[in-house]
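J.: Here are the chains, one letter per residue:
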Amino acid sequence: MKLPDTKEVQTEFKPKILAFCCNWCAYAGADLAGVSRFQMPTNVRVIRVMCSGRVPPELVIRALANGLDGVMILGCHPGECHYSEGNYLTRRRAHVLKRLLSYIGIEPDRFQLRWVSAAEGAKFSAVVKEAADKITALGPNRWGDKR
Amino acid sequence: MKATSEEVKTSVKKLFEDGSIGHFIGYEMGSDSLRVTPCFLKSGQAASRLVWNPLCANNLSKYLLDFGKVEGKVGIMVKGCDSRSVVELLKEHQIDRDKVFIVGVPCSGIVDREKLLAVLGVSPGEVVAVEDDGDAFLVTIKEGTRRVKKEQVLRGECLVCRYPTPVIYDMLIGEAVSSLPWVGDDYSSVKELEALSSEEKERYWSSELSRCIRCYACRNICPVCTCVECIFDKKAPRWLSKASDVSENLVYHLVRAFHVAGRCVDCGECERACPMHIPLRSLNKKVEKDILELFGYTAGIDVEQQPPLTTYQAGDLDEFL
Amino acid sequence: MVNQTKSRIIEKNRLTELLDELAQGYHLIAPVRDNDVSFRRVESGSEVTLDYINTVLSPKNAFFPQTETLFRFSRGDSQGFRTEPGTEADREQVIFGIRPCDARSLRLMDMVFNGQYKDSYYLKKREKTTLIGLACFNPDKTCFCPTFGIDPTSGEDVDILFSDIGDRYLVEASTEKGATLLDRFAKFLSELRGDEEQLRKARKAGLVGMKKLDVSAIADKIAPLYEGDYWNSIGMKCLGCGICTYLCPTCHCFDIADVNLDEGGERFRCWDSCMFPEFTLMASGENPRPNRKARVQQRFFHKLKYFHDRNAELACVGCGRCIRYCPVNIDIARIIEDVISGKAGNE
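Residue numbers (this note's numbering), protein chains in the order written: chain Y, 1 to 147; chain P, 1 to 321; chain A, 1 to 347.
Calculated from the structure, these hints are not laboratory results. This structure is a prediction, so every number in the text was calculated from the model and none was measured. Be careful, since some hints might not be right.
What the hints assert, rightly or not - Computed cross-link-like contacts, EDC-like style, restricted to lysine to aspartate or glutamate with a CA-CA straight-line distance of at most 20 angstroms:
1) P:Lys235 x A:Asp140
2) P:Lys115 x A:Asp258
3) P:Lys201 x Y:Asp109
4) P:Lys234 x Y:Glu12
5) P:Lys242 x A:Asp309
6) P:Lys42 x A:Asp229
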């Protein structure tokens, strides 16, 4: 299930990054960042989920094995989850997953968990940019081209 | 005193006679003198088939899932590690405590068949019997008896086993073993891999996972893999292609390791079942180590303890970049 | 019988050179040791090991790969979809070191892939392959190939047979294809010294005591056991994993699937196993083989009866892999014994 070749002429490495954004906070934060016209990297694809707790590790692993260079989960700050505790559970899972990924050679920076509220348009733009910079520096995901 | 086959036979026979159990799951000798096979009994007469020896590697606890609807209690033989997976099954309400009768046997290590044959330099047909003898095994071969140090021939999980005596049982056969002398750092091999660079780790695991033939033995034998429909068998959405290549194998093995996170008791069955000798315990051990460090949790000890990934504390380690 | 005039010998120290040169002219597949011994493409003779009883995986992968792209398709211009052939192995290949049991399994596979329907993917590879067998003088305890009329030291199903007779290999061609190949590499071979047959005979002593069961009437004997309780006791143990079917040199079931992406995709086939519940799962949710007992029973009935009904051969060569690697020790030889002796009917 290789991702389609988008036929982009790539002169320099531009990573493909997936960002799972919680509907109640980070997704609204992304919206605000857009409305506020903050600069943002163009290679981050956003998928809206109802809660960061909705993102099972399978999705992250699947994305990385399919060739994405990085995956982010962006959720509500602790204590602010729309469903009370979804982000707390995500946090535990993400810590275990990050270490497991690093164990098989996926650099820790390729998987990130960040808290962005609906009011933090500037933070959204900043964390996404920071992630894109770090992943660009790492280069292509070595697990992405294995078939 | 150590438990013997004779004791197991008489005890199980008695359990059938006094009506404590209606079924029993144990071990009997298999194709040759180095193989045992699971054995299912419905009456005490057949108890003479049962054996207990250092070859009894199978974790029988998963078979309990097949006995949900039978009359009477189901007796089962468990070693330390097996008892921990019984705890996990109880914790997840997969089995009913009132329906099982747990016969515990303290275990001083199980033989790794292949290591043993390599150390002795003999073919499987030449070994007649293997007996436990403290820090060594007494192996009877055609030419006589040889004493082989346990450290050389134990299964990997037995080398780091901290629970040789069952943590839960209704009856214990033999004397409890509190600790095993050879057990040192549980995670030394995990630490070695952790120390490699990302590139080296990727190379190591690509090569290991490239051998996977996706027979699903590791999943099917796992005592805590209890889903009625496994995510990998789902047709829509298809999480995993039926094509066997390194990327798909990676998804399979990472998701498998994650699904047993905080539940794996390191009984080593996945690695024992793997015909391709993929170091599967390494992935499970890594997760086990992190969960211990992050949340101070060890699986399979206490039925009342909340599984670590279904709970949280406000003060847990926070977001990360 | 092997034509004596075609028999030669090769000194052990010249084997690596021979393999080196074979690897240059052909796609050479030979046993390699990493964790275990497995058949792998090799580029030089030094990679090859000859210290093995048999490989974990049978060499069926070379003809019937676990995953094989049949063709690729892509969105073309106005003409619609474009297709192109998959990863076609259009090359002459040599398998070195195949055991007589595995060689026999190819004859059984041929009945499936070269029967009523011709499977071009399989046949093309089969035609382009030369089999160099390695006689087996030191079988495993789980081996029982004589049961199926296989002589583990015979070159019946290979093109060339190598027999390790101590300081040298006896090399015999049993087909034209084999003889032609030997002629090409004649410079590595030398004339017989005369004591070869004697040495081979001496080595055959290692075969004494190999399990040989009388399977002449097994298909008839197993038929009435369809309803019996025997399969329950086996099914109860069975984990439902694919080890036995995937390691089996004669198991040949496969599935075909498409990978669909925006721009195109591919159709591939891959091994499948009757031990998996999904193997018979229907779209409605109905599963005609709903439990492990039904699946285990199917496996043994297929091997010992259905295949026999269709092809007058049993679908087992006694290589012993399923016995060696079954994590719960389900033992086909023991099952055959139980069926023959009537024990299976009494349970």
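J.: Hint numbers the structure violates, sorted upward?
T.: 1, 2, 4, 5
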